[in-house]
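Listed in order, the protein sequences are those of chains A and B. Offset between the first sequence (1-based) and the numbering used here: plus 16. Offset between the second sequence (1-based) and the numbering used here: plus 1395.
Just so you know, not all the hints are guaranteed correct.
[Said to hold, decoys possible] Computed beta-carbon distance windows for the label pairs:
1) B:ALA1412 <-> A:GLU164: 47 to 53 Å
2) A:THR344 <-> B:ARG1415: 53 to 59 Å
3) B:ARG1535 <-> A:GLU141: 34 to 40 Å
4) A:PRO38 <-> B:SER1414: 37 to 43 Å
5) A:GLU81 <-> B:ARG1498: 30 to 36 Å
6) A:MET17 <-> B:TYR1510: 49 to 55 Å
7) A:SER257 <-> B:LEU1493: 47 to 53 Å
8) A:GLU71 <-> B:GLN1507: 44 to 50 Å
9) A:THR318 <-> B:GLN1507: 46 to 52 Å
10) A:ASP70 <-> B:ASP1431: 38 to 44 Å
11) A:ALA256 <-> B:GLN1507: 21 to 27 Å
12) B:ARG1560 <-> A:ARG225: 50 to 56 Å
13) B:PRO1549 <-> A:ASP70: 17 to 23 Å
14) A:ASP151 <-> B:THR1407: 37 to 43 Å
[Stated by the list, open to error] Covered, in the sense of this in silico footprint (three residues per stretch, anywhere, with C-beta under 8 Å from a C-beta of chain A), are these stretches of chain B:
15) 1419–1427
16) 1455–1464
17) 1529–1538
By construction, these hints were calculated from the structure, which means they are not laboratory data. Just so you know, these numbers come straight off a predicted model, no measurement behind them. For each residue, glycine too, the CB sits at the ideal point set by N, CA and C.
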Amino acid sequence: MRDFAYARAGTAEAAVGTLAAPRTAVIAGGTELLNWFRLGIAAADRVVDIGGLDELRGIARDGDELRIGALATLNEVGEHPLVTRLAGALASACLQAASAQVRNRATIGGNVLQRTRCPYFRAEEPLPWPCNKRDPGSGCASLAGRHERQAIFGWTQDCVAVQPSDPAVALAALDARADVLGPAGPRTIPMREFHLTQREAAAAGEPMRETRLGADELITGYRLPVSTAGQAYVKVRERASYEYAIVSAAADVRLAEGAGGPRAAGAGEQRIAAARVALGSVAQRPWRLTAAEAELPGTPLTREALLPVIERAMADAVPLPQNGFKVTMARNAAVRALLAAGGAA
Amino acid sequence: MTLDFARRVEVTLRLNARSRTTVVSPRTTLLDWLRDDIGLTGAKKGCNEGACGTCTVLVDGRRMNGCLTLVVQCEGRSVTTVEGLAGMKGAGEVGGELHPVQRAFADHDAFQCGYCTPGQLMSAVACIAEGHATDDASVREWMSGNICRCSAYPQITAAVLAAAREEAGR
């Protein structure tokens, strides 16, 4: 593993203060950073440990918001009664991520900064093939090679990778905001804008940039509007547990109350009053289906009614030659998440 | 304020109920330290990337991958390895009577080659303590971070449930 010098930060400000120097990395749980060091993905010479900062810990309700400290582990978030009750999709996403022992180390702050699982990217240096993320300008081996797990939205010829985080999908669907601390002080970043697709990054003139977080900034926590609507996180994968998603979907559904009309009394066709839905592992960022969200109010909570709404919202998908199946799979995951969130599945 | 970045760091922790102070290079993982410096080779180096679970140890009672944990992150913490399991409930001496989970694994033939067993045992102890050893499906989900390439999963699941029942009955 890469050699480095180490310091423990006493405050979040002190940690941020060290990030101005180049080649300085933050360690919280370390589940990603240590593997980056093994593979040669991170080139840091200094590591600042924020693991002892109690100010970044804790999960609490603050009025209409749920506040989650960046150092809360995935198991802590996933099993916390407040999260289970007020942000169920996030709790579910956390517990479907990784394994029980990884979740005891991995933090919710670090999780959204994990990088793609593209096997061409995650190889030990020196890379035997091109990868623009590892060696800018070298090309994309995945585009020319295997890419059945890659993006169906927002990719470019330079990179077709997807962001694999489960919690990030729920955070985007639930309109969470990241609290961020930088040299100029604190600011917030909406989680639906936190990650960048390759196309967004290219348009901003930084084709390989993956998030809006600055290199000298630290995530200190998240705030989510509390929701009493039904929620669900559906993860589709090749193993039932301990596997990355092929696609996933987070949904939050409020049903129309006392839906009038004779049909409501019978076998009950329930209708959606409001819904939010985001797809995961289809792009380099969580993919909110905003067109569907606009159309869903008044839609019956049935598979037949939901399918065409989701299909229309995904009409701009651009699958690669090998991953057309992901369009169908993501559509079905979104429908399943909406049905489950509405209590119909 | 500037922080001092060090290339050698002194760490004090408890290992299997005994206090230890050590000086390490910051990149030393808990797994490498246990195996190479301390000579406790129960935790195995299977994948060295957090995928197989055979390096699972307890840190402050919570199961973690030793390969994804730095020794410097264990300052002031209490680490338990499979070597500390037998007789753990006694006076802090190792090598005592088998832990109920170890006995359950033996009784249920919950291994073939045994390479994954130390990690399975540590994970099982935590799984039971967490309250997740309630039924077959829950054990399979909450033990999924421990891979057994001999595929002794049915026996492992049975052993974990039996040990959980025994613990509940005490």
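Inset, instruction - Please test the hint of 53 to 59 Å on the beta carbon pair from A:THR344 and B:ARG1415. - result: Check passed, 56 Å falls within 53 to 59 Å.
Inset, instruction - State, for the Cβ atoms of A:SER257 and B:LEU1493, whether the hinted interval 47 to 53 Å holds or is violated. - result: violated, 29 Å
Inset, instruction - Using the beta carbons of B:PRO1549 and A:ASP70, state whether their distance is inside 17 to 23 Å or not. - result: Given range 17 to 23 Å: violated, Cβ gap about 43 Å.
Inset, instruction - For the range 21 to 27 Å, tell me whether the beta carbons of A:ALA256 and B:GLN1507 fit it or not. - result: Holds, since A:ALA256 and B:GLN1507 (Cβ atoms, about 22 Å apart) stay within the stated range.
Inset, instruction - Can you let me know if the beta-carbon spacing of B:ARG1535 and A:GLU141 is within 34 to 40 Å? - result: holds, 36 Å
Legend entry - Coverage assertion for the stretch 1419–1427 of chain B with respect to chain A, Cβ distance below 8 Å, three residues required: holds (count 4)
Legend entry - Assessment of proposed distance window 46 to 52 Å (beta carbons of A:THR318, B:GLN1507): holds, 49 Å
Inset, instruction - Given the hint of 50 to 56 Å, check if B:ARG1560 and A:ARG225 actually sit that far apart at their C-beta atoms. - result: holds, 53 Å
Inset, instruction - For A:ASP151 and B:THR1407, compare the CB-CB distance with the range 37 to 43 Å and indicate the outcome. - result: holds, 42 Å
Inset, instruction - Mind checking the hinted window 44 to 50 Å against the Cβ distance between A:GLU71 and B:GLN1507? - result: holds, 48 Å
Legend entry - Per-stretch coverage check for the stretch 1455–1464 of chain B, three Cβ contacts closer than 8 Å to chain A: Since 7 is at least three, the answer is holds.
Legend entry - Whether chain A covers the stretch 1529–1538 of chain B (at least 3 residues having a Cβ closer than 8 Å to its Cβ atoms): holds (count 4)
In this structure, the hints that do not hold are numbers 5, 6, 7, 10, 13, in rising order.
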